[in-house]
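Undergrad: Line by line, the protein sequences give chains V and G.
Quick note on the working numbering: the first sequence kicks off at 1 and runs consecutively.
Quick note on the working numbering: the second sequence kicks off at 1 and runs consecutively.
Don't take each hint at face value.
Said to hold, decoys possible - Below, simulated DSS-like cross-link-like pairs (lysine-lysine); rule was C-alpha separation at most 30 Å, straight line: (1) G:294 / V:150; (2) G:745 / V:89; (3) V:89 / G:296.
Said to hold, decoys possible - Computed, partial: chain G to chain V, Cβ under 7 Å: (4) 157; (5) 207; (6) 220; (7) 286; (8) 360; (9) 440; (10) 441; (11) 652; (12) 660; (13) 667; (14) 669; (15) 687; (16) 701; (17) 702.
As the list claims (entries may be wrong) - Covered stretches of chain G, as calculated for chain V (at least 3 residues, CB under 8 Å): (18) 407-413; (19) 416-427.
Hints were generated in silico from the structure; no laboratory data involved.
Backbone N, C-alpha and C fix where the C-beta goes; we use that ideal spot for every residue, glycine too.
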Amino acid sequence: MPETPPPVRRSKAIPVPPVAQSASEKTLPLRINGKTYYHEGDPDMPLLWYLRDVLRLTGTKYGCGIGYCGACTVLIDGKAQRACLTPVKALVDQDVTTIEGLAGAELHPLQQAWIEEDVAQCGYCQAGQILAAADLLRRNPRPSDEDIDKLPNLCRCGTYPRIRKAIQRAAQALAETKK
Amino acid sequence: MSGLTRRRFLVVSAAASGALLVGWRSASAQQRLPYLGAREEAQGLGPFIRIDKDGTVIIGARATEIGQGVKTSLPMLIAEELDADWNRVRVEQLPYGYIDTEQGPGDKYGDQGAGGSDNIPSAWKDLRQAGATARALLVQAAAEQWDLPPEQLRTEAGYVIAPDGRRLGYGELVGAAAALDPPKDPVPLKKPQQFRIVGRPTRTVDAREIVTGRTQYGIDAYLADALVAVMLRCPHLDGTVDKVDDSETRRVPGVRDVVVIAGPAPDAPIDGVLASGVAVLADDTWAALQGRDKLKVEWKPGPWSAESNAALAARANELLDQDQGAIAVRRDGDFAKAFRQAAIRLEARYEMPFLAHATMEPPAALVSIEQDKALLIGSLQSPGGASRVINALTGIPRKDIEIRLTRAGGGFGRRLKNDYVAEAVRIAQAAGKPIKLLWTREDDLQHDFYRPFGVHALRAGLDRKKKLVAWSHRCAATPRNYRDSGMKDRPLYAGCLEADDFPAGLVANLEKTFFPVASGMPRGWWRAPLHTFHAFAVQSFLDEIAVATKQDAVQLRLELLGPPRRIPYSGHGGPTFDTGRLAGVLTLAADKIGWQDKRRDGHGLGIACHFTFGGYAAHAFEVSVEGSELVIHRAVCAVDVGRVINPLGLEAQMIGGTIDGVSTALNLAITVKDGRVTQRNFPDYPLLRMAQAPRNVEVYIVDSTAEPSGAGEIGIPSAAPALANAVYAATTVRVRKLPLLPELKRLL
């Protein structure tokens, strides 16, 4: 794949270690995937466009812009939220996890299950699906079919049956690691 | 898509690193370049196969991946003939490969588009030879090293193996293999019993990148100096920009420019941009969207301001009632006479709406236009078409237009049109800068090339033994063949009614006629195009016939299909249609759903089958209607696409096709009122969610040795009629208008 250039353009966000302090009072500190970024632009900018246009974290997708489809789902303090409706100014003192930050040293059990169940077709909605499922498993480690039914994210390719299987597989894997 | 008609030669060479490269040259280019001796040029080919000294095999994926799985299945074909170790294969997307030849424009890599379920059948014919040639060279190299005849050697998973068990890894042989003269004639391909990769369930090659958010889609492309553009398009069909007040827009921080883009004239082909509008260019998407919100534009409505769905339906029914302006599509025997003399006469009409493609990734394109070269990065289905569009708008020779292909967030036919590429080029030209054009969901639903709207009137005559003796299918629809230069030599009914579709050739007296309904709605190909509405009309009507004449719906179809035989089929996916294979999937679906078992508690079964694009499928559903809620208890799909390349991918396509079929049938319609599209975003165009989708789609695959066909589209046509037939069985309510749920609620 062609490499995109690094985010040098008008990007005002400079990743610095979390211990560093902001240089200016006008900047907005944002904790994303364990790093702190200082945003100097419009505080009303939705997190979706901050992630994509400024940080070039493009795993979070645009789908509808009205919080309906879930393609832009991220975790904010562990809860699934819509990045397209969340202005960056609302994120002070909260931790944002995007799909790029979900894995630790190893893939998250959901990511592993998604691979094993071969869930993705076009794959565009899957980051949002995985993060919505991560929130579900946080709240409910052994979700029933009815619990999984409540996931609202849209998939145009119709991967729902394999998403269901992957969530069940990940739940099983998580339960086994806790034993 | 001229790739298959042109003679090509395999090119073999060594990279500077010593890797073995196998690619293609077209016949005329071949005359200028010997196989060997022009290695630098050959390296520039972007080869199908590259084998490094450490044994790593890199396979180039030529086709555009829109979720149909070809980035996995096409490389499997190459790896099979190469006898590579799939676990050591890395797949990389090839860019669009344009080449000037003495015969005109050529495809460096063959057909790279995604449409018509063509990739598997065409790759089956041409791509395997690339793998086989590389393998033959590796065997030859080993034979020379061991001083053994090559016939005595075999290969397995990346090794050449001697009769005494000695082994040489492909990586050890690449230097010697690259120095050999490649075979002059095509190399024999493997026999199916030798397959190790073809037919094995294989996960998508991009899975890890997808689940970690690293996959690049067209919308994810950035260039350092590109502005983001969003466009406000005229909401009126063929309307134009009258007055623009952009003063507030230009005050939005980050907004850099505002440009007006003129759409096509109302009678001109829609080969470039789709609509007139005003583009806002900004430093980032957020600024561009805010700037667009602040535009004040007055529109001139255009010639279609009276158009509405109600008027279209009325006009279609009027044409059918009065039998006006009919275009004959097929005539067998004498329908009128046979129908008049028939013991039983039945008739029904089915109405099907416009549909939008609603790809999850909306149209987007990043373009950079310079004096003498251009770059496009985008999610495409027709990269060749994109190249032609850029050439037509800029005059830049096609060989100097670079098109990088990305994974696409769905296609469904939307990206066969390159209007968004044309828009991006026009905006970049006006701005004098590289731009990234982004469509919002509202843009996408309000401005699409919609699946045609149509009313299908079916009539059937049966004799005293309840045998079908007369069949008439009259379709009044907004022609798909509308302002499309690519279709100018095709009949008006093309894309709406297929002359040889089932049950043509199986009923002695049969007529198919088409009635064009005028409309200003742009029309395009929508997954399994005409087959989605064709199958709904035919398979619903067969069910009505079965009910009215107290026949079994499966038995009626089997009798119609008759003994297994091939009958001529002139449409795409021909040249023949095998009645036995359609009967096979129908019987399989019936068996698996338990067709003969009585259902109680208000459960109903429905079944339907269809042939298209070389594939055969049948769907069966078990449903109940509780209150006004439709519950799908079981969904069965039986499929025969010939030899299966990747069973895991095929199953995914059938699950997805079934759910797409159900989702679309239940809820989706694009409607037009006062010459404007009514729907704006997903709440008005509600794709199925997890809770409404069947929890499982049981897919049953026919084990076949027939030539493989594609699977991207065959999973959808029979889903909607099977569902409507099941609804009838559960409720005795016959739904003849889609979408099904609102109609069912109206009828209950």
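Undergrad: Now tell me, hint by hint, if it's right for this structure.
TA: Each hint tested on the structure:
Distance hint between residue 294 of chain G and residue 150 of chain V is unfulfilled; the C-alpha atoms sit about 37 Å from each other, more than 30 Å. A threshold of 30 Å between alpha carbons decides the hint, and for residue 745 of chain G with residue 89 of chain V the separation of about 45 Å lies outside it, so the pair is violated. The suggested pairing of residue 89 of chain V with residue 296 of chain G holds, with an alpha-carbon distance near 29 Å, which does not exceed 30 Å. A cut of 7 Å between beta carbons decides the hint on residue 157 of chain G: the least distance to chain V is about 22 Å, and the hint is violated.
Using the Cβ-Cβ criterion of 7 Å, the hint placing residue 207 of chain G at the interface with chain V is satisfied: the shortest such distance is roughly 4 Å. Evaluation of the residue 220 of chain G hint against chain V yields a held restraint, the C-beta minimum of about 4 Å falling below 7 Å. The interface hint given for residue 286 of chain G holds, since its Cβ lies 4 Å from the closest Cβ of chain V, which is under the 7 Å cut-off. Annotation: interface hint on residue 360 of chain G holds; nearest CB of chain V at approximately 4 Å, less than 7 Å.
About 6 Å separates the beta-carbon of residue 440 of chain G from the nearest beta-carbon of chain V, less than 7 Å, and the hint is met. With a cut of 7 Å, the hint placing residue 441 of chain G at the interface with chain V holds, because the nearest CB-to-CB distance is about 4 Å. Given the 7 Å rule on beta carbons, the hint for residue 652 of chain G holds: about 6 Å separates it from the nearest Cβ of chain V. A least Cβ separation of about 5 Å between residue 660 of chain G and chain V falls short of the 7 Å threshold, and the interface hint therefore holds.
Because the smallest distance between the Cβ of residue 667 of chain G and any Cβ of chain V comes to about 12 Å, over 7 Å, the interface hint for this residue is violated. Proximity of residue 669 of chain G to chain V is violated relative to the hint, the smallest CB-CB distance being about 16 Å (cut-off 7 Å). Hint status for residue 687 of chain G relative to chain V: holds, with the closest Cβ pair at about 5 Å, below 7 Å. Interface hint status for residue 701 of chain G: violated, as the beta-carbon distance to the closest one in chain V is roughly 15 Å, over 7 Å.
Annotation: residue 702 of chain G was flagged as interfacial toward chain V, and the flag is violated, the nearest CB pair being 21 Å apart, outside 7 Å. Here's how the region 407-413 of chain G fares: 6 of its residues keep a CB closer than 8 Å to some CB of chain V, so the rule of at least three is met and the hint holds. A stretch counts as covered by a chain when three or more of its residues have a beta carbon under 8 Å from one of that chain; for the region 416-427 of chain G and chain V the count is 0, and the coverage is violated.
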